[in-house]
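Undergrad: These are the residues of each chain, in order.
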Amino acid sequence: MHYSRPNSVAEAVNLLGGNTGNAFILAGGSDLLVRMKGGFVEPSLIVDIKAIAELRQIRATDKGFWIGAAVTCAELGESEMLRAAWPGVVEAANLIGSKQVQGRCTIAGNLCNASPAADSVPALVAAGARVHIVGPNGSRVTAVEDVPLSPGKTSLAPGEMVAAIELDERPAHASDAYIRFIPRTEMDIAVASAGINLTLDADGTIKTARVALGAVAPTVLRVDEAAEALVGTKLETAALERLAETCSAAARPIDDKRGTIAYRKSVVGVLAKRTAELAYKRARANS
Amino acid sequence: MNINAKTQIQEFRSVGTRPVRQDGVDKVTGRARYGADYNMPGQLVGLVLRSPHAHARIKSIDTSAAEALKGVKAVITAADLPDHADGDEGLLEILDNCMARTKARYDGHAVAAVAAIDEATARKALGLIRVDYEVLPHVTDVDEALKSTANVVHEHATSRVDPEQNVPLNVHATEEFGHGDIEAGFAKSDLIVERSFKAEQSHQGYIEPHACVASVNADGTGDLWVTTQGHFSYRIVCAQLLGMDVSKLRVTSSEIGGGFGGKTHVWAEPVALALSRKAGRPVKLTMSREEVFRSTGPTSPASIDVKIGVSNEGVITSAYAHLRYGCGPYSGVWGMLGAMTAFACYDIENVKTIGIDVRINRPKTAAYRAPSAPVAAFAVESVLDEIAQKLDMDPLELRFRNAVKNGSRSSYGPTFGTIGLVEVLEAVKSHPQLNVPLAANQGRGIACGYWFNIGGQTCTTLNIGVDGTATLTIGTVDVGGSRSSMSLVAAEELGIDYDKVKTVIGDTATLGHNDTTEGSRGTFSSSMATINAVKQAIGVLRERAAKMWEIPVDDVVWEKGCARAVGEEHGNLPTLSLAEIAKEAPNTGGPIAGHSEIVAEGVGVSFGAHICDVEVDPETGATKILRYLVVQDAGRAIHPAYVEGQYQGGAVQGIGWALNEEYVYGADGRLQNAGFLDYRIPVCSDLPMIDTVIVEVPNPGHPYGVRGVGETPIVPPLAAVANAISRATGVRMTHVPMSPPRVLAALENAKVT
Amino acid sequence: MVDVNVWGSLSTCTDNQKVIQIEATTIRGLLRELVEKYPGAAPWVKRGISVSIDGEIIRDDWSKTLPDDAEIYLIPRMTSG
Ligand SMILES: Cc1cc2nc3c(=O)[nH]c(=O)nc-3n(C[C@H](O)[C@H](O)[C@H](O)COP(=O)(O)OP(=O)(O)OC[C@H]3O[C@@H](n4cnc5c(N)ncnc54)[C@H](O)[C@@H]3O)c2cc1C
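Residue numbers (our numbering), protein chains in the order written: chain B, 271 to 557; chain G, 962 to 1714; chain Z, 1218 to 1298.
Heads up, none of these hints are tricks.
Straight-line C-alpha distance at most 20 angstroms; calculated EDC-like pairs for lysine to aspartate or glutamate: (1) B:K527 - G:D1639; (2) G:K1390 - G:D1652; (3) G:K1521 - G:D1428; (4) Z:K1235 - G:D1142; (5) G:K1544 - G:D1428; (6) B:K535 - G:D1578; (7) B:K307 - G:E1169; (8) B:K527 - G:E1252; (9) G:K1496 - G:E972; (10) G:K1268 - G:D1353; (11) Z:K1263 - G:E1137; (12) G:K1366 - G:D1308; (13) B:K307 - G:D1079; (14) B:K535 - B:D525; (15) G:K1366 - Z:E1273; (16) B:K423 - B:E312; (17) Z:K1235 - G:E1137; (18) B:K307 - G:E1251; (19) Z:K1281 - G:E1558; (20) Z:K1281 - Z:E1240; (21) B:K527 - G:D1102; (22) G:K1085 - B:E312.
Calculated directly from the structure, the hints in this document are not laboratory data.
Since we're looking at a predicted model, the values are computed, not measured.
Bound-form chain B, shown alone:
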């Protein structure tokens, strides 16, 4: 196994492109090292991206925010501008693991690990985040929901890596939220989760909505029908019930040790309601 710690994106792309074996990016390592220790993967090359200064930054751009792929979730939580603009994304990132895990882990790693239960991913999908990808053939930008293909599989081509995740700037009367259900209070994995992003009129009517669900299908689920159930409402009881129903109906979970199909379908609706209420409250407060 070869370990390298490049100082630039170009160098990293070079290393990845020149490798014919089994290459892995190492960000926080909170998934990769666990899998290596368990004997599930045996990398021939590890490219550690934490020494690439550019990828360690959170920047405000003219369109919004640029979050380097090596920024830790703890650093996201310390960023006041992100917390104000995208509280749902930040709270999702800050739910991952524990204090210790957050000091290491990244949202890019969370996305590229392609777990259906990844916490930051539904929040990013609801936020309409874009993924900045670099590779042997240059760079491209894609929607977050296009990255995970199935548990453990992404749409990244060989030699490609995520350089950053981009978020829009935040208009007035808009906000987001993320809520997951776990049997414990931390150090656990979502049984079901919901991320919701809302934009309101000045009078509180919902103009646009994005709803994404986690852990209830092989990949994150964007539920446009649930979003439609919210648009034009002021989140009255009927709208909330409609939201819960559509989310429960859209969920395609499995029965496993973490929960039954019936339980997940039921709880994901409950979570969607609670998340919508929180996002709505935040959006109203954001004038």
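Based on these hints, arrange chains G and Z with the ligand on the given structure of chain B.
TA: Just chains G and Z with the ligand, lined up with the frame of chain B:
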């Protein structure tokens, strides 16, 4: 915290204080050496190959490719662990569990092991071992295993046969206790509640995995460094299994990162010794977390029926329980313990309990803190709670009306001596938690619990140093701060300060046999032996002082850490301090020491009562513990902070089991959650601070009144939490753990029916 | 002669009597006589029996004497966590 001392029979100087623990600095600085923190020159890495099948005949094992791999120094199978049991069935079972002989009897059962120069090589070698299995049908559920159609888990040792169909059953043993006539008692009662309960299997969840370094020499001597609750017992069992002389095997207990009963049995230690014997080099064997879950001893899964009859006044007229405990593929005593403890808190005229051990294709059940009692209490205390609801009676009052007291006949036979359940209930009654108002979706549960203590063989030595400080060597492994407690006891008896006494755990060559730290016996027994050893040393100190003064020893008394001459003739001599006498030791007869070798009898028992306040989320089924109170009789708390630690730790383990902890088996008989991610022990943020009250009703069988306290605290929580959830939701919970999906399903069910 | 109470399952070896009379002055004598009189009890003794004398449970010390009129109970010898 507060201490509720009933009778202050003795004045203490050190006992009852809360000094800093003697092993604390090493532990917080990371210097304490646990099982895996020891190394020997030339040491190899041992790894174990385990069965992926719940039940399979081992047709053959081909180890040749593994043996041929460069760096592999030994490969062993059951053939390398010949049967030295000499007809002792229990010993043969232990051997079979350490390394499957003819059949793999559970997912994770060891079938072969390797020792190699490093872990990568050892892992590779495991992959080269070819095992030819004939997969057999399996059974992992207790009630399924009891059916006469169930496949038989263990062919030889099956001790019960279905009388009608004459087929062997998976019943290892049936035990019965009680007195009176339960049918007559039920006929007299005004209200009868009858219910069935189920408890899933839980693991002790100690943070430190099993680990050891074994070294066996060509001359038949050996050393074992190991994390264990009882190095003396490990020595006997390991020597017997390997055919070694007991005295030639020296076992040293490392610091221990939790055991709770799980480290009272040997698992991989005999395998490590056998590997070392074959390789001719020391072998370190450390289990992974997955191995700990799959291949060591969790507690029993259980299934229980309870029927209780009461008068309108809330007096129990009759009580019956049928308790079925899984014991893994081997023998067990778990049904017996459940049957003995189920109704032990109550004075009942007519009572009968039947406890059954059921063989299943799961790991061998091991003791887990008050084994069997928590689920028995879950069933009994739940039915009592329901009775209180139906009688519209305060559940605490119901307990008062039936609680055992001094002179009550216990449900398992003997009459109780001095016990403290009523005092515990009184302390509960006056606790402010009972007055905290509850909001919607909140509930308060109460439950009582009981556990025995055991005494057993104990041996200690006190050595006085040249400067008058003292080293106390004890042989009961310190699992919860007992070294500090023993220093307090020695300081008390000697009349010197706590920080002048250092307590260490001796290895098996240092002291005579000590029984394992189990059965809440460590502090009880070792303090008794320590008091004896100090008294003997004081006798020697008086003799030495008499020599120094050249007066008769009868004229010397020991007071406040000094020798004092008494009587008209010498009474005016200045006292001699311990340090002064110690300094003169070379010229007064040599080293000064005291020893004690005893069987500690005179055990007390310990009762507790817990109050739990919860809030249940009716939409997700999630339970939040709002407040939790443990009240328990300690007899006498030597180091109150560690008594509280035991209360809190037991409560937390019980809460974890009540809410989330369970072994999940697939239809294939394989364990699906062999890790802390999906086997959910509580994390700090799940819990409020656990409040405690120490009640002290001294045990007349101990010089200081000590009762063992380690196990009782895990007995009431399943029931306390279940009663709280049942009251919060209006739905009676009968299946632990009460995980969110299970609670939500119960709520949905109740809506439908 | 002392009255000895036996627990439910042991009574299957004592002709279903819950109280038996044994000629003994110590625990050692009691266990010896028990097996002599009721050979079926031998495996139980081998597995371990504790003796409660007036409520004090004696697990190991077989030299303990049995006072006249004492309440004597046999119970299984316990191990635990
Ligand atoms: C104790 C513990 C608790 C956890 N709790 C949670 C939780 O609550 N919620 C949750 O969602 N997850 C949890 N996780 C999983 C993990 O922490 C997260 O998925 C985390 O976000 C992964 O980030 P990382 O930077 O550590 O990824 P890494 O382990 O470094 O990488 C993960 C995967 O993504 C690839 N990768 C990383 N960066 C890039 C990149 N820039 N481009 C392309 N591929 C890349 C790696 O090669 C690897 O395959 C937990 C893990 C542990 C150990």
